[in-house]
Structure formats: structure tokens, C-alpha cells
Amino acid sequence: MNTKQAGHQRILVVLPHPDDESFVASGTLAKYIEGGAIVTFACLTLGEMGRNMGIPPFANRVTLPAIRKLELEASCNAIGIQDLRMLGFHDKMIEFEDKELLDSQIMTLVKELNPSLVITFYPGYSVHPDHDATGAAVIRTIGRLPSADRPLVYCSAFASNHEQMIGKADVTVDVTAFLNRKMASIQAHRSQFQAAELVGNRELSDEEIRTRFGTEQFWTYRFDESL
Amino acid sequence: MQLINPQDIQIRIDQLTGQDLFIHLELTTGAYANHLDSTRHPASAFISNAGIRYTNGSISGTGPYRVGLKTEQGWVYAEGLTHVDETETERLIMAGHDSQGKLVVALQLSRDKFE
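As given, the protein sequences belong to chains Z and W, one line each in that order.
Note that my numbering numbers the first sequence so that position 56 is 60, with each residue one more than the last.
Note that my numbering numbers the second sequence so that position 97 is 630, with each residue one more than the last.
What the hints contain is simulated information worked out from the structure, not anything from laboratory work.
Worth double-checking, as some hints may not be accurate.
[As the list claims (entries may be wrong)] With a cut-off of at most 20 Å between alpha-carbon atoms, the simulated SDA-like pairs for lysine to any residue come out as follows:
1. Z:Lys-172 with Z:Asp-228
2. W:Lys-635 with Z:Phe-62
3. W:Lys-635 with Z:Val-131
4. W:Lys-635 with Z:Pro-60
5. W:Lys-635 with Z:Leu-202
6. W:Lys-603 with W:Ser-577
7. W:Lys-635 with W:Gly-607
8. W:Lys-603 with W:Glu-619
9. W:Lys-646 with Z:Ala-70
10. Z:Lys-73 with Z:Ile-59
11. W:Lys-646 with Z:Pro-69
12. W:Lys-646 with Z:His-94
13. W:Lys-635 with Z:Asp-228
14. W:Lys-646 with Z:Thr-67
15. Z:Lys-73 with W:Lys-603
16. W:Lys-635 with Z:His-12
17. W:Lys-646 with Z:Val-66
18. W:Lys-635 with W:Leu-558
19. W:Lys-635 with Z:Gly-58
20. W:Lys-635 with Z:Lys-172
21. W:Lys-603 with Z:Pro-60
22. W:Lys-646 with Z:Asp-95
23. W:Lys-635 with Z:Asn-205
The shape of chain W in the complex, shown without the other chains (with noise of 0.2 Å):
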């Protein structure tokens, strides 16, 4: 993984638009959030595989990202992105790491669907 570079994205956001995709989308504090400090509100949501289809997309921020994509009926939102999958050509490939490197949010697009 490296760290997102806004241009390249919006490169590869833009190659992907107006196609039926495959959308993994997932938020996460962990499911140990509320062991390790009984404070904190575990929350974790993860669609995988759902079908999408948007007319137009962008990542917006200074970094960590935000990335909005409009579809036909809705809209799709990921904030937190901070890294990209650079070996990935046809996917894209992106998750948000926190401090200590724990994964936060992950948005994914793929032409054929996820394994």
C-alpha cells in the first residue's frame, strides 16, 4: 500500500465512471474498541459486493481523503482514506489506516466481483 496521491485517484476514478461495478465499502472501530477502553462505542458496518453504478466521482481533502461518488439514485461517501493499492490497474484499491496502522475504512471498486 502507498500513500494516496489525490491526482491519480481522481485518474482512476474517472476511468471507472458510468460501469457496473462492485463496491466494497467498510467502517470499523474494531470489535476489542469497548475491551480495551470501555469508553468507546463499537462500530463497524461492511457492505461487500454490492452492485453500483455512478455518474460522476471525486476525492476531495487534504489528506486523510474524502471520496464521494453520485450514482443514478444516491450517493456513496468514504472519509479517512489514507492509502492505495498501487499494484492494482483495473481496481480501485483504497483504505484509511489510523495511527497505529489499524485499518478505519476501506472503499473498494472492481469491474468483477470481490473474492
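One chain only, chain Z, in its complex shape (with noise of 0.2 Å):
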């Protein structure tokens, strides 16, 4: 079904918002975690300028930083990510950042952990700019890199034409033996969980759980193709 999943020890994740890491890939995460490897989450913003703060609300535009800093600490501990970097950019600006000081950042993790697998977001199918500006700024870096040194890129993608463009993911990480981390994962995120769109206020069925989040799907990145 899906030969990529080999051993990986080193992996790095570069994504935008506290809680991206719940949804894209903590299922994942936690099966290579379990398997020995050690992951680094790069998250660049706190995610501070969200829009759930709760419900009933208790942040706002002033404490959510704050508040997102230790959900996004309570979720790595859920998933058992070894080591949370937290970049500081602004939330929503990524797409207008210095591209050379975001690309250098991601360069010097690279070069300071060679991870074998990187995971982000698919520039230009993953909806909000910041996932995009993240994905691409990543391709980019990884794109410097001389193509036998470069670590395995693996992107989410979730635009509504995204099958249409890049067809089928090619990597799909079967994750039901992971469910607990992956919903306490998304749980510690309390200010955005209860929102309609992700899980709701409403109890999951297990049934209901597994259906939406048993699995997780990648895309291999083809450096060599202009998609």
C-alpha cells in the first residue's frame, strides 16, 4: 500500500499555526515517535491573530499568544515531540515576511538536525496563506540543498482542487493505533477544538473518530518536476 513509511529517526516539522501539527500530522508523529525517532517541531507563529478563542470565549487579541504558547506545549507533550522551536513570525504575515531570514531559519534546522523527512505544507494547495508561504519558503530551502543531500519532503495538502493539480497523495499513514495521542493533541489546543469546523462541542463516536481521523496523507515533494 504505501512503501514510504521507513525508518526515519531525525524529522523535522515546519508549520504556521499551534495546532496545525494536531490535524497534519501528530498520528503520524507519534507512530515514528514510538519507533525511536526524535522530531523537532518548528512552529513559526503563536498563532495569535486566530479567530476561536473558546466558547464561551476566555482570550482575546492580548492573552492568546500567551494562551496558544502552552496549548501548543500541551499538544507537542500529547503527540511526544522531543523538541518545539517557536519561531516568532506574526501570525497571518508569513506571506510578507523576508524571505531570506524565513529561508535561513529553516536552512540553519536543517543543517543543525539533517533530518531524512521534513513535513509541511503543499505551497499553493493548503488553503491559508501562511500554510502556503510556510511550504514554499521550505521548498525553497530544501530546493538549495544538492539533490542528493536533500531530506524527504512530505506535504499536506487540503485546497479543494488539490487532487485535480497533484493528483492522489501518495503516502497514507494508517494512524487508528495513535488516536488517543492525535485527539488529546487536538484537545490541548482548548481555544480552537471546540470550534464547528474541526471537532466541534459535541462528543465524537469512536466510529466518527476514526473516520475523520484515522488517517493522514502526505505527498512526496518531486523536486525534480515544475508542479
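Two chains, each in its own frame: build the complex with the hints.
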């Protein structure tokens, strides 16, 4: 079914918002971590411009960054992520950031950690401008390495037209054995997870959880093709 | 956050009149507006830590509330405010939340820069 789940000892995850890790890769990461991998999560922002403030609202624009920082740490604990780096960029502004600054920070992490796998968003097919800009920065940075030195890059995509443009995901990870960790990671984001489009404020049945969250999908980025 | 009591807000607005303040003003439909409903027009704007000094300010409406601040050169306006941070004594931190609890508007005033 999927031949690309070889062992990875060093994984770098680069995503812009606290809670992206929960939905994109928490099950996959938990699975690799159980297999002995060390995971670094570089979270570009604190999601300080998020619209979900809890139901009823317990956060505001002033208190949200500190709240989401704690939520992010709790989520990483739930997954088992050993190394969390908060890069301190401003939520919503990634596409306007100095590209050299962004790329150099990612390059520094790649050089320091020498990961065999990098997980990010698929640029152009990830809906939120921060997602697309983060993915683009990772692809630019890794693309600068000699091809023999490039880690595998798994991208997450969910724009409405994504399958039409980039085909079906080539990596499907069954994470049903790690759903407890995944749901704990999602629920660690207390200010976010009650939102109707995420989990909502009712208990999901085990069957609903398996259907919605039981697999994670990725596209292996092909650097040699201009997609 | 607590639901706005307009009388309390008016007192707070009056206390900040005529002072050099920092303002955060924001309106947003969210980055997923169009993804979740293709008929929706995504729109957001915010201005963070702009300097402002107003000569008159008031809160109006029956909820959600409107606030207008008259400056020496013009106006600042926000509609849709529902909540205030009751724990803030120096700063005025207001927000408007929609029926799903999501923030749609924020209006914040402070003597010190917002982080």
C-alpha cells in the first residue's frame, strides 16, 4: 500500500500555527516517535491572530499568544514531540515576511538537525496564506541543497482543487493505533478545538473519530518536477 | 471575556480621552471563509499599534455595540463588539464574537504598545 514509511530517526516539522501539527501529522509523528524517532517541531507563529477564542470566549487578542503557547506545549507533550522551537513570526504575516530571514532560519534547522524527513504544507494547495507561504519557504530552502543531500519532504494539502492539480496523496498513514494521542493533541488546543469545523462541542463517537482522523495523507514533494 | 455593559465601557472610553494611545483595530471573516463556503468573500484587515489620540469617544447600540472615536483629524469606528476583557484595568480590550464564538472584530486601546 505505502512503501515510504521507512524508519526515520530525525524528523523536522515546519508549520505556521499551533494546532496545524494536530491535524496534519500528530498520528504519524506519534507512530514514528514510538519507533524511536526524535521530532523537532518548528512552529513559525503563535497563532495570535486566530479567530477561535474558546466557547464561551476566554481569550482575546492580548491574551491569545500566551494561551496558544501553552496549548502548543501541551499538544507536543501529548504527541511525544521532544523538541519544540517557536520561531516568533507574526501570525497571518508569513507571506509578507522577509524571505531570506524565513529561509535562513529553516536552513539553520536543516543543517543542525540533518533530518531524513521534513513535514510541511504543500505550497499553493493548503488554503491559508500562512500555510502556503510556509510550505513555499521549506521547498525553496530544501531545493537549494544538492539533490543527494535533500531529505524526503512530505506535504499536506487540502485545497478544494488539490487532487485535480497534484493527484492523489502517495503516502497514507494509518494512525488508528495512535488516535488517543492525536485526539489529546487536538484537545490540547483548548481555544480552538470546539470550533464547529474542527471537532465541535459534542463528543464524537469512536467510529466518527476513526473515519475523520484515522488516516493522515501526504504528498512527497518532487523537486525535479515543476508542479 | 465578559459581555459588554455599555455604561462601563463609556466610563473606560472617557478615562482614555485626550491621551496618546496605541490602537489595535481588526475586522476579519477568517482565512477559511471561502474554503468553507465558496459564496463567501474572504476579507480581513487589521492595524496594530498605530498611534491615536481621540477628543470624544462613545459606545452606541443595543448589542452588538458600535464604538466611534473622534480624533483631531478624523474618526475610528468599529461595529459588532460583544465582549470586553474584565480583568484589564488600564487597557480597554474589546472584541466581537459571532454565533460560533469566533472573533470577527477587535478594538483595543492602551497607553503602552501591544506586544
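So which hints don't hold here, by number, going up? 6, 7, 8, 13, 15, 16, 20, 21
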